[in-house]
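Undergrad: Dock chain B with the ligand against chain A, hints included.
Now for the letters of each chain:
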Amino acid sequence: MIPGEFEYHAPSTVEDAVSLLDTLGDEAKVLAGGHSLVPAMRFRLAQPRHLVDINRIAGLSYVREEDGHLVIGALTRESELEHSSLVAGRYPLLADAGRVIADPLVRNRGTVGGNLAHADPANDHPAVMLAYGATLVARGPGGERVIPVDDFFVGLFESALKPNELLVEIRIPSPGAGSGGAYRKLERKVGDYAISAAAVQLTMDGSMCTAARIALTNVSPVPMRANAAEAEILGEEPTEDAIEAAGRAAAAECDPSADLRGSEEYKRDITRVLVKRAIRAAVTRAQGGA
Amino acid sequence: MSHLESSVQSLHPAPEGASKQMETTDQIRITTPEKVCGMGHRMKRKEDPRFIRGQGHYVDDVKLPGMLYMDIVRSPYAHAKILNIDASEALATPGVLAVITGKDLKDAGNLHWMPTLMSDTQMVLPIDKVVYFAQEVCAVVATERYIAADAIEKVNVEYEPLPAVVDPFEALKDEVIVRDDKEKKTNHVWHWEAGDKEATDKVFGEAATVVKQSMHLPRIHVASIETCGMVANYDPTMGKMQLYMTTQAPHAIRTVFALVSGLPEHKIQVISPDIGGGFGGKVPVYPGYVVCAVASLVTGKPVKWIEDRSENLQADSFARDYHITAEMAADAKGKITGLRVKTLADNGAADAAANPSKFPAGMYSICTGSYDMKAAHVEVDGVYTTKPPGGVAYRCSFRVTEAVHMVERMTDILAHELGEDPADFRVKNFIKPEQFPYKSPTGWEYDSGNYDAALAKAMDIIGYRELRKEQAEKRARGELMGIGICSFTEVVGAGPSRDFDILGIKMFDSAEIRIHPTGKAIARFGTKSQGQGHETTYAQIIAEELGIPAADVEIEEGDTDTAPYGLGTYASRSTPTAGAAGAMAARKIKAKARKIAAHLLEVGEDDLEWSVDRWQVKGSPDQHKTIQDIAFAAYTNHPQGMEAGLEATDYYDPPNLTFPFGSYIAVVDVDSGTGEVKVRRFVAVDDCGNIINPLVVEGQIHGGLTQGLAPALFEEIVYDENGQNLTGTFADYLVPTAVESPKWETAHTITPSPHHPLGAKGVGESPTVGAPPAIANAVVDALWHLGVRHVDIPITPQKIWKLLRDAGVSD
Ligand SMILES: Cc1cc2nc3c(=O)[nH]c(=O)nc-3n(C[C@H](O)[C@H](O)[C@H](O)COP(=O)(O)OP(=O)(O)OC[C@H]3O[C@@H](n4cnc5c(N)ncnc54)[C@H](O)[C@@H]3O)c2cc1C
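Keeping their order, the protein sequence lines are chains A and B.
Quick note on this note's numbering: the first sequence kicks off at 1 and runs consecutively.
Quick note on this note's numbering: the second sequence kicks off at 1 and runs consecutively.
Excised from the complex, chain A in its bound form (with noise of 0.2 Å):
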């Protein structure tokens, strides 16, 4: 488990890191946590002859409201998040996925921007960031390209980022009245990917749904939205037969693969179950229940 040899830069600002990326280009790879990366440089399945490492740019760690918008610096580590009470007070959808994103020791180091740039239907802040709706920013040499979080994910492991394009922020619209959310996610254990999670993010006017957004977790090759589960409930009223409804909608749209963490109907089947609790726990949210 040691890598191949490859060349160290440690550039101090966007700019240097930028134009790095851009004279490198397919031969570098950004460092920000390293938790992802790293683990596939050991194990050789990935070699990149240059590491563009972004942890010594300042001003790239922020959770703050503008505009809004909760934004997100990309340098943000999943433990700062975690412990961000404005994220507990108001974001209870990425409250909850904070709690369950691998170990509080990987959430230590692990950036929100490597989790996303990574583009790994595994991971779980995909589906929390297509829940919600974000958007993402990025800066290349020719300047900033905000990106719709719908057309973030390209295929596995390949998102819009070109390989000179840094993510530097996320933007999660700020849930206005009536709204509320939920991941729930199944793991064999602390610190294993899921084996389904269902983030759900809707509003609800009095008895009825009238903004629903639901995203899954690594039961598809891309991070994916759960449209017709989503239609299920939409402009409906969130019974416990529409919820029913979503998750069989959901259980039918996505496309798991069999592996250890279980069959392809296993898999169908708990994330039925997952987005109909996901669904159950943010209508009582946005009701103002806990």
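Careful: at least some of the hints might be erroneous.
To be verified - 20 Å max Cα-Cα, derived DMTMM-like pairs, lysine to aspartate or glutamate:
#, chain 1, residue 1, chain 2, residue 2
1, B, Lys743, B, Asp732
2, B, Lys439, B, Glu34
3, B, Lys799, A, Asp53
4, A, Lys189, B, Asp671
5, B, Lys267, B, Asp559
6, B, Lys678, A, Asp192
7, B, Lys799, A, Glu265
8, B, Lys588, B, Asp559
9, B, Lys154, A, Glu5
To be verified - Quick look at which bits of chain B chain A covers, simulated, 3 or more residues with Cβ under 8 Å:
#, region
10, 305-315
11, 598-608
12, 714-726
Just so you know, the hints here were simulated from the structure itself, not pulled from any lab data.
Using N, Cα and C, we set each Cβ at its ideal position, and we do this for glycine too.
TA: Leaving out everything else, chain B with the ligand in the frame of chain A:
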């Protein structure tokens, strides 16, 4: 008999108690004051300051001048012919000094094969074919660790894949022969039986009820945090080979190395430094050790080899992998009458199990457990498959884990089948206190026990009857909750020389104590701690016997040039054997001290009596000599005609094994939506006889329970049909941590061993043995009303989900 020996004997008469029934108590025996810290005191571990501060010294901390590094090329196939090994590109890499192949080892004196502990043979490096995935193929020696790691990718090995045989039942068809080096072309290795077949068949013929169940205890790995490794340091000038290695049995390893390599034994020094977990995985000799030693011999330089995590998980010895079919019989009154067991032991590509040589299935025949029955018969067949060789006794006294799992599952199935409460059913069938010493139907003589007391205490602590009420209420609401019991009997402390040896070496163990003039002491033992706390426990034994404060006793183990010969630490044997040797050596010292005290006090020896730390004149305790006074005199003023000094050695050959026991109760909740099992509560009542250090015992139990939770719910080595290991990292080999562990609630009863000098028994492995069946029984208990009779461990959410959906239960 010399005078000294006879006085030792009179101090401690032969264990006549061996045939009497021992009383049970909750009270820990303490006979020394806090400052002496003998048995029973909760002394903090003497070794911990070094471990807590990161000052432990492990093999990978050994750095010698000019040291080289070795890395190993491993097979990507489970079964393949080796057509060619081309090392030219690797050898051309700057910094690479040598590539060692099987042919090289052959030329060096047939070192390409080595004996296993079970008198089988195992390849060190292959010449013709590989027989398991990740098998060692050849080794690269380089000046830097990183160069070695890069160079193994440059060795080009040409393979011709052969069909793998992963399943032992398939292997028995002999369509693919794993070991074609053997004369007999079969994968069947051995057949072994215990008990009385005829009597057992008769009991089954007369039975009112018979239950039958097949089960598999899957392959698991000890997964110690420190992987295996070695620094071999051959000094060509002096002809001496120093081997720093991660071994639980340094002395036996030295002898085996001498016999295999031809190096004279006095020129081999095995040093086992601090060990980061052994659990049986550091008993065998792995090919890497041998190649590393050869690399040092060849280069005349120190060579370091340290496995990485995946090598450790993929190639080192596994544990368990027993396929069991058991039947249990009962009479019309619901009394268990017999047990009949057939077993397939998947050994992998060699029988490299770590059992005493006469016991190919270890202590598996202890399988009648805590229950009194008329007859039992057990059969085991060993099989070769194309998987890594083994298996070791993972925190387990040689297959007792498999035996206990089977009998505790069977007892539970029978209780449920008869509609009886599993606790009441156990009590009805227990061997009763007055039956000890108890002769089991398979020939073991249990030394002491009180199973009723341990179970009653566990039921009391957990509130068993109330839990049953809660379960009934929940079941009525469709909620799934289960309560599981395991009342195990362990068999530890191998062992008496008449039965127990490893490659002919008898399984005694040893202690040597030297008292310094100022009354402090050093003691060395033939065992080797890997986290068990020997530096504390052994010091407390000596403090108990001699009154020298435990803090004043230095304990050393693991260096074969200084420590007395012993068989090492595994199978909960250290306290039963070496601990006993420590007590006996201390008693020899006490006997000599008495003579010195009599000389100093000018009285007869018979006028003296022992009190905590001194010999005093009977009836006038003011007239006394403390052990410190006596130690000083032993060097400054010893009686004429007596040897100076105060030291003794003892090689202890135990008269019997010790039989610790306990009752564990688990409460689980099952999520009908996801199939998840949560262990809500877990009470463990252990009885290991007299307790030397309650803190160390509790620590052992906490760790062991977590290692019992592990195979119950999480761990399994998984292979695909080609024999590729799918669980070669901690991402997929799921070791539970504190987060997954319930709050362990521990308690004890004390039923001393009648034959151990301190009345103590081993304890390190009881929790690993007892926890899995308690949890498995709890899960089945939660699902019995749905028609579920058995679930193989590990009990994953998916397995439960399948059972639930098949029974029409969903969420
Ligand atoms: C034991 C373990 C368990 C884990 N379990 C989970 C889990 O349950 N859920 C989960 O979501 N994750 C899990 N992870 C992954 C973890 O959260 C990683 O930290 C995360 O996926 C990557 O973030 P990072 O900051 O470590 O990125 P790195 O590993 O440094 O980088 C990951 C990838 O993203 C790129 N990258 C990083 N930052 C940027 C940027 N700002 N701009 C452009 N590209 C960038 C890198 O070049 C690289 O390709 C686990 C990791 C481990 C080791």
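Undergrad: Compare the structure with each hint and give your call.
TA: So, going through the hints one by one against the coordinates:
At roughly 25 Å between alpha-carbon atoms, Lys743(B) and Asp732(B) are farther apart than 20 Å, so this suggested pair is violated. Simply put, Lys439(B) and Glu34(B) have alpha-carbon atoms about 40 Å apart, too far for the 20 Å limit, and the pair is violated. For the hint pairing Lys799(B) with Asp53(A), the CA-to-CA distance comes to about 43 Å; that exceeds 20 Å, so the pair is violated. Between Lys189(A) and Asp671(B), the direct Cα distance comes to roughly 15 Å. Compliance with the 20 Å bound is thereby established for this hinted pair.
Taking the CA atoms of Lys267(B) and Asp559(B), the gap is about 13 Å. The hint holds against a cut of 20 Å. Our distance criterion of 20 Å between C-alpha atoms is met by Lys678(B) and Asp192(A), whose separation comes to about 17 Å. Pair hint Lys799(B) plus Glu265(A) holds up; C-alpha atoms about 12 Å apart against a cutoff of 20 Å. This hinted pair does not check out: Lys588(B) and Asp559(B) have alpha carbons roughly 24 Å apart, beyond 20 Å.
Distance hint between Lys154(B) and Glu5(A) is fulfilled; the C-alpha atoms sit about 15 Å from each other, no more than 20 Å. Residues of the region 305-315 of chain B with a Cβ under 8 Å from some Cβ of chain A number 3, which satisfies the need for three, so the listed coverage holds. Coverage of the region 598-608 of chain B by chain A is violated [criterion: at least 3 residues with CB-CB distance below 8 Å; count 0]. Chain A is given as covering the region 714-726 of chain B, and this holds because 3 residues of the stretch bring a CB closer than 8 Å to a CB of that chain, at least three being needed.
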